[in-house]
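Got chain W sorted already, so can you dock chain P onto it with the hints?
In case you want the letters, here they are:
There are 2 protein chains.
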Amino acid sequence: MQQTLSRRMVLTALLAGTGMASSAFAQSRSDDPLPSWNDGSAKRAIIDFVARVTRETSADFVPVPARIATFDNDGTLWAEQPIYVQYAFAIDRVKTLASKHPHWKHTPPFKAVLEGDHKALAAMGEKELLTIMTVTHTDMTTDDFTKSVNDWIATARHPRFDRPYTDLTYQPMIELLGYLRANGFKTFVVSGGGVEFMRPWVERVYGIPPEQVIGSSGVTKFQLRPDRKTVLWKEARVEFIDDGPGKPVGINRFIGRRPIFAFGNSDGDLQMLQWTADGGGARFMALLHHTDGEREWAYSRQSHVGKLDRALDEAKVRGWTVVDMKRDWRTVFRFQDATVGAR
Amino acid sequence: MQQTLSRRMVLTALLAGTGMASSAFAQSRSDDPLPSWNDGSAKRAIIDFVARVTRETSADFVPVPARIATFDNDGTLWAEQPIYVQYAFAIDRVKTLASKHPHWKHTPPFKAVLEGDHKALAAMGEKELLTIMTVTHTDMTTDDFTKSVNDWIATARHPRFDRPYTDLTYQPMIELLGYLRANGFKTFVVSGGGVEFMRPWVERVYGIPPEQVIGSSGVTKFQLRPDRKTVLWKEARVEFIDDGPGKPVGINRFIGRRPIFAFGNSDGDLQMLQWTADGGGARFMALLHHTDGEREWAYSRQSHVGKLDRALDEAKVRGWTVVDMKRDWRTVFRFQDATVGAR
Numbered sequence: 001m002q003q004t005l006s007r008r009m010v011l012t013a014l015l016a017g018t019g020m021a022s023s024a025f026a027q028s029r030s031d032d033p034l035p036s037w038n039d040g041s042a043k044r045a046i047i048d049f050v051a052r053v054t055r056e057t058s059a060d061f062v063p064v065p066a067r068i069a070t071f072d073n074d075g076t077l078w079a080e081q082p083i084y085v086q087y088a089f090a091i092d093r094v095k096t097l098a099s100k101h102p103h104w105k106h107t108p109p110f111k112a113v114l115e116g117d118h119k120a121l122a123a124m125g126e127k128e129l130l131t132i133m134t135v136t137h138t139d140m141t142t143d144d145f146t147k148s149v150n151d152w153i154a155t156a157r158h159p160r161f162d163r164p165y166t167d168l169t170y171q172p173m174i175e176l177l178g179y180l181r182a183n184g185f186k187t188f189v190v191s192g193g194g195v196e197f198m199r200p201w202v203e204r205v206y207g208i209p210p211e212q213v214i215g216s217s218g219v220t221k222f223q224l225r226p227d228r229k230t231v232l233w234k235e236a237r238v239e240f241i242d243d244g245p246g247k248p249v250g251i252n253r254f255i256g257r258r259p260i261f262a263f264g265n266s267d268g269d270l271q272m273l274q275w276t277a278d279g280g281g282a283r284f285m286a287l288l289h290h291t292d293g294e295r296e297w298a299y300s301r302q303s304h305v306g307k308l309d310r311a312l313d314e315a316k317v318r319g320w321t322v323v324d325m326k327r328d329w330r331t332v333f334r335f336q337d338a339t340v341g342a343r
Numbered sequence: 001m002q003q004t005l006s007r008r009m010v011l012t013a014l015l016a017g018t019g020m021a022s023s024a025f026a027q028s029r030s031d032d033p034l035p036s037w038n039d040g041s042a043k044r045a046i047i048d049f050v051a052r053v054t055r056e057t058s059a060d061f062v063p064v065p066a067r068i069a070t071f072d073n074d075g076t077l078w079a080e081q082p083i084y085v086q087y088a089f090a091i092d093r094v095k096t097l098a099s100k101h102p103h104w105k106h107t108p109p110f111k112a113v114l115e116g117d118h119k120a121l122a123a124m125g126e127k128e129l130l131t132i133m134t135v136t137h138t139d140m141t142t143d144d145f146t147k148s149v150n151d152w153i154a155t156a157r158h159p160r161f162d163r164p165y166t167d168l169t170y171q172p173m174i175e176l177l178g179y180l181r182a183n184g185f186k187t188f189v190v191s192g193g194g195v196e197f198m199r200p201w202v203e204r205v206y207g208i209p210p211e212q213v214i215g216s217s218g219v220t221k222f223q224l225r226p227d228r229k230t231v232l233w234k235e236a237r238v239e240f241i242d243d244g245p246g247k248p249v250g251i252n253r254f255i256g257r258r259p260i261f262a263f264g265n266s267d268g269d270l271q272m273l274q275w276t277a278d279g280g281g282a283r284f285m286a287l288l289h290h291t292d293g294e295r296e297w298a299y300s301r302q303s304h305v306g307k308l309d310r311a312l313d314e315a316k317v318r319g320w321t322v323v324d325m326k327r328d329w330r331t332v333f334r335f336q337d338a339t340v341g342a343r
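First to last, the protein sequences are chains W and P.
Just so you know, the first sequence maps onto residues 1 to 343 in this note's numbering.
Just so you know, the second sequence maps onto residues 1 to 343 in this note's numbering.
Be careful, since some hints might not be right.
Identical copies look the same in the list; a pair holds intra-copy or inter-copy alike.
[As the list claims (entries may be wrong)] List time: in silico DSSO-like cross-link candidates among lysine-lysine, alpha-carbon distance up to 27 Å: (1) 221 x 186; (2) 119 x 95; (3) 186 x 111; (4) 105 x 147; (5) 186 x 127; (6) 127 x 316; (7) 221 x 127; (8) 100 x 316; (9) 229 x 326; (10) 326 x 100; (11) 229 x 316; (12) 186 x 229; (13) 326 x 119; (14) 111 x 316; (15) 147 x 326; (16) 221 x 100; (17) 316 x 95.
Note that these hints are calculated values from the structure, not bench results.
Chain W on its own, in the form it takes in the complex:
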């Protein structure tokens, strides 16, 4: 039950979004393609794999069109604590929209949001979360939703770091995305988060265009209005949940071939890694283990957000790469580079 609830929360509450300036892609220290990664088995495994699949004389050579790399977003490309960023967006939207809905002040679950009742927020069940996601994400055009995301992401600040959420992207992962692309890979986001929440900012932040973002989605309907204006209307119905077993389904639907490289951080990524591993030929599967409570957060098996339990066991059994954030990353966030990161 708790399991199911968490999964559903990952589905509904969950979407992600933020990032770093494009200059982050350009960063490199001398010839090291991954300067924010400490030398160690994880970094070596990545570089060895890329060398093996790109060297034409290698037995593991993979032609460019088949170099498909998929990345989870929340907790893999940017921080997902203390709550999924998309949920933070939804909470702020409730506050913005409240002036048009005076009765929310007295009505759960809006009351808890408006009063900043963290205890009540944390205890929310699936139904309450769905209500909050519905009023903030549906019954509007896709253009209006995109505008609300753009407005928010430009101004909202993370509660712990007091920085734009797009600063909470992981510098080592930004480097990894660029390194793979420089080696002929096509990089995709495959997230349980809402695709419409990610697309407005992923190109600027990750260098990944909207058409390479796969995520959860609601039903949209085409409308030709009397003035001949065309819109897509976001209905209050879930269409696709790109999480857990939904990730291979989403990959097949949107990409149409198996990745050779997949990177996640939670049990919601397990099936994506299984699907990737089972493709035959050289494959790279990795999990980010959040072990750094000082620079980021330390959590795994017991965490409500980003629970990493079964997938961690399977990674150990099958020899997948487990990245230990504290040990393997020289820098976590770019803004920490001069302080914590430069030690």
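Just chain P, lined up with the frame of chain W:
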């Protein structure tokens, strides 16, 4: 009712697939990027549009990432007569599978298929078509379905031309796809046909990778089998119909931004063209009008397959480009080039 039935047939029966050798992309006569197009208003409109959106000093300049071009498949990139190619595939599959289902000999709608009863086949309703599509497209893994498509497309021959279906792609459209890509466009197929039916051959034939193919789809489910092998299982449920108003929905879901260039040939493409036209800035919308009964087929307003009626009226009112196959194309199919095409 007939309208609805036709639409549903476009949904279920419809999927497409065939093409030309990659050498077709390379063809060019001197400096003409579109040698298989006769000089005329259609060809000039294409070249003028591409010049306007790619010249940096132009008021209509569009940056490379936003140069999204979408193409219908059946009747736009390859022939759809006398029946959708995917339906021809399904009929052949019924014949192949019949040995395992002896009772089909006596059971409609299989009886008509096995006896080659063209009259009964033509009179089939939605339910019968769905039955045929279901037994040939579902209740198997995606890998097995892909194999059945690859096997068929390599051997099946078009009844009129006695050539592989992939030879029934339009040489002028192959040139147009290459011309757009050479000018920084990203080309997508947006078809009512089944996405899993197209992806096995579109890259070879159109130069369009699987991840840039949008189509109708059924529900698939991820399975981790006892031997740890992972499969995606095709269930007998329609998930998404990428036709008519579904095309803008599919474009939004898969691409996440509006095309600036869209090309179709039937009423099923009308909403894609409306959605494209309404995006603001320079836009190019075109319809292929099948007017050449000698080299291809002549059909439009009354046709059961590929009906072009409302969209033709709207194109005329709104000034969209209507390509007249007989007048505007020097060559239709590459294999005709030395005969009809060279006149």
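Under the constraints set out in the numbered hints, which ones does this structure not fulfil? Hints 3, 5, 6, 8, 9, 10, 13, 14, 15, 17 not satisfied by this model.
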